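Please model the entire structure based on the sequences and the hints provided.
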Amino acid sequence: MPHSSRQTSSNLLVLHSLRCIGFAGLARIADAAGLPESDVESELIDLARAGHVSHTPGDFGGWGLTESGRAADAVRIAGELDTVGARTTVAQAYDAFTPLNTELLDLCTAWQLRIVDGVARPNEHTDPVYDSRVLDLFTDFGHRADVVCAELSAALTRFERYRVRLTEALTRARSGELDYLVDRFDSYHTVWFQLHEDLLVTLGIPRDWAAADR
Amino acid sequence: MTWIHPLSAEVEETANVLGSKGYGLVVLHRLGMPVPPGFVINTQVCSDFLQNGRFPNGLDDELTNAVADLEAATRRRLGGSERPLAVSVRSGGSVSMPGMMNTILNLGLTTEATAGLAVETGDPRFAIDSRERFLSSFAAALGPGRAEVPNDARRQLDLAIRAVFSSWDTPRAKTYRVLHDIPHDLGTAVIVQAMVFGNRGDHSGTGVAFSRNPNTGERTPFGEVMFGRQGEDVVSGRSITRPLSELAEREPAVWAALLEALQRIEGHYRDACSVEFTFELGRLWILQVRSGGLDGRAALRVAVDLADEGLIDRREALLRISPRHLGSARTPRIATDAADILTRGLGASPGVAIGKVATTADRAARMAADGPVILVRPYTSPLDMHGLAAAAGVVTARGGPTSHAAVVARALGKPVVVSAADLTVDVDAACVRAGGRIVAEGTFITIDGTGGEVVIGSPDILTGTTDPQLHRLLAWADELSGNNSHRDEGERLAAAHAVLSRQP
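For the protein sequence lines, the chains are A and B, in the order given. Following the working numbering, the numbering of the first sequence begins with 1 at its first residue and continues without gaps. Following the working numbering, the numbering of the second sequence begins with 215 at its first residue and continues without gaps.
The set of hints was computed from the structure by calculation and includes no laboratory data. Note that the structure is a prediction, hence the values are computed from the model and not measured. By construction, the Cβ of each residue, glycine as well, lies at the ideal position given by its N, Cα and C atoms. Hints are not guaranteed to be accurate.
Unchecked claim - With the C-beta cut set under 8 Å, the calculated list includes, among others, these residues of chain B facing chain A:
| # | residue |
| --- | --- |
| 1 | Pro312 |
| 2 | Leu393 |
| 3 | His394 |
| 4 | Ile396 |
| 5 | Pro397 |
| 6 | Gly442 |
| 7 | Asp509 |
| 8 | Leu597 |
| 9 | Asp598 |
| 10 | His600 |
| 11 | Pro615 |
| 12 | Thr616 |
| 13 | His618 |
| 14 | Ala643 |
| 15 | Ala644 |
The following block contains the structure:
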């Protein structure tokens, strides 16, 4: 089946998903890539043969990227960006992303810690007024973040997956599954963290250069 | 209407008008402390500016007069080519909040003024260093894309004031206000003060000093100092700081003045205090004061000690301790007195963890099969997540308490220390370095996610509430409530609070 130019190949999509989410099992990679597990497994086997990924067996096992996989991904994902001509759009989106990232980290921290009498202590989640305030701020944030994700998706289809996953996490949190804010591998913060990594990798920005205090 | 108030002992305005930082400086003046001369632009100006998008009528004239007064007091000229006046511009709301513009240093150092400062001090390197600090703090305050710095000192001042006011409405600051019930129309003050230069050679410097150890409550001055540097370096953790006690050896006169200042300030607030200070050519200046704000065992110890010292009575000591303090006092902490401290960062997820150093996530995951591991990284990315999950605790050299690493560690319920600024991680050599020492991968370390200590080996850990201070405080509580039955600590405290609330 022919790919439109903004569509990333399955092979690169699997490699790049692993690059952005880190060491993971098949199900999480498939969820990040938005592909069926069987397709993902087949691509992983090809990638392993090329020396780009390796599999660790056992209860805590899963798939991880090798150094060569990391290098290959950097080259291929930058190549895709320029082939599609999306560098300017993605760079602009990253500029919009940066202050949002700071804001989201503040919100996650406010969910986890509460400042009382000038001292930050773990939020025991015993004050529904405070918690619903934080949740409302997450919702408002979600709308503004979605605008940036939409611009990214228009430039490169693979970014659409972040919109879907972020929306899913926030919807679940709002319906009472509060661990979808920061406490899970598919929580809003985790997906956002991966989007952050994706933007840095895609634009070739080393993390130590990116906003010094993040 | 007066918009601007000189920093002096005679100012009568409240903290709501002056902001808490500005008000604190007025208190310091009243106590006879050495405070650099300056003035405060009050919070009402901010509210007006945010409403109308411009300075209120009459402010320009008042600002001109205030600058002229400051020039007269210092016998200097803002932006002048001889004896130039340089100022710091700081925000000063009634509470500090994230996202607010913090400080611009050395404002007024135009190219001419910098040349003038070089001639006056005979130290061109110092003058240029000061100008560079100005340029970078100015650019940071005005935000990306507006990096052009006017070479007119008054214009610089106008822009800096606007930047402070505008930062009141950043999304981060707004979020903070929503979360903490702070009215949006409160506004921030702006503090303009003559610069004192911590970067003027070896007998100059800057630091933060606590009247009592904020980790333990012990009655020993505690803090950090940097020689030959300016203030922002301490706060941002960009530079390597030295323990405050080094000041005693290197600048005994400054040390003595600082101790006296801390004691007098404590006497006024009747509580543990901290100050930001600078010393220039061996002379001490106090730039900011804070009181209270301690937690857990430190808060308990300070309350009991202050009662013993007669600064407060036992009732006041009881009132200062809330059930929340008792809760925090149960958090395990490293007993630091005999501990071999490798480095210190910021605690961002409370608790103590002990384990072998691992420098990569893959190694942490592997090593965790044989026992607990502490993952030590420069910063974290999603590629470190499985290492974080496998580790008992995490240390990062960079990133603050709201970094991704801190958020993830808290979500996993693991102690984390961030901003351990002098720590470097050498993955290839499988070791970490800090304070001139090398710690090989596999070495046992212990971290404290409250105090931010990273300690070599297995120090003593304070757990539970075995503190003598706690038992004394609770004995006072029982005495007051007249109830000596065996109860939960929180109930004993609450019973005393109930009695106190009924008494005038």
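Structure-based check of all given hints:
With 8 Å as the threshold, the beta carbon of proline 312 of chain B comes within range of chain A, its nearest partner Cβ sitting at about 6 Å, so the hint holds. Among the interface hints, the one on leucine 393 of chain B holds; its C-beta lies about 5 Å from the nearest C-beta in chain A, closer than the 8 Å criterion. With its C-beta approaching chain A no nearer than about 7 Å, histidine 394 of chain B sits inside the 8 Å limit, and its interface hint holds. Hint status for isoleucine 396 of chain B: violated, given a least beta-carbon distance of 11 Å to chain A, over 8 Å.
Interface hint status for proline 397 of chain B: violated, as the beta-carbon distance to the closest one in chain A is roughly 15 Å, over 8 Å. Interface hint at glycine 442 of chain B: violated, since its Cβ lies 22 Å from the closest Cβ of chain A, which is beyond the 8 Å cut-off. The interface hint given for aspartate 509 of chain B is met, as the beta carbon of that residue sits about 4 Å from the closest beta carbon of chain A, less than 8 Å. For the restraint placing leucine 597 of chain B at the interface with chain A, the shortest Cβ-Cβ distance is roughly 4 Å, inside the 8 Å limit, so the hint holds.
A least Cβ separation of about 7 Å between aspartate 598 of chain B and chain A falls short of the 8 Å threshold, and the interface hint therefore holds. Interface hint status for histidine 600 of chain B: upheld, as the beta-carbon distance to the closest one in chain A is roughly 4 Å, under 8 Å. The interface hint given for proline 615 of chain B holds, since its Cβ lies 7 Å from the closest Cβ of chain A, which is under the 8 Å cut-off. Hint on threonine 616 of chain B holds. Least Cβ distance to chain A is approximately 4 Å, under the 8 Å limit.
The closest approach between the C-beta of histidine 618 of chain B and any C-beta of chain A is roughly 5 Å, which is under the 8 Å cut-off, so the hint is satisfied. A least Cβ separation of about 17 Å between alanine 643 of chain B and chain A goes past the 8 Å threshold, and the interface hint is therefore violated. For alanine 644 of chain B, the suggested interface contact is broken, since its CB lies about 16 Å from the closest CB of chain A, more than 8 Å.
Checked against the numbered hints given earlier, this structure breaks hints 4, 5, 6, 14, 15; the rest are met.
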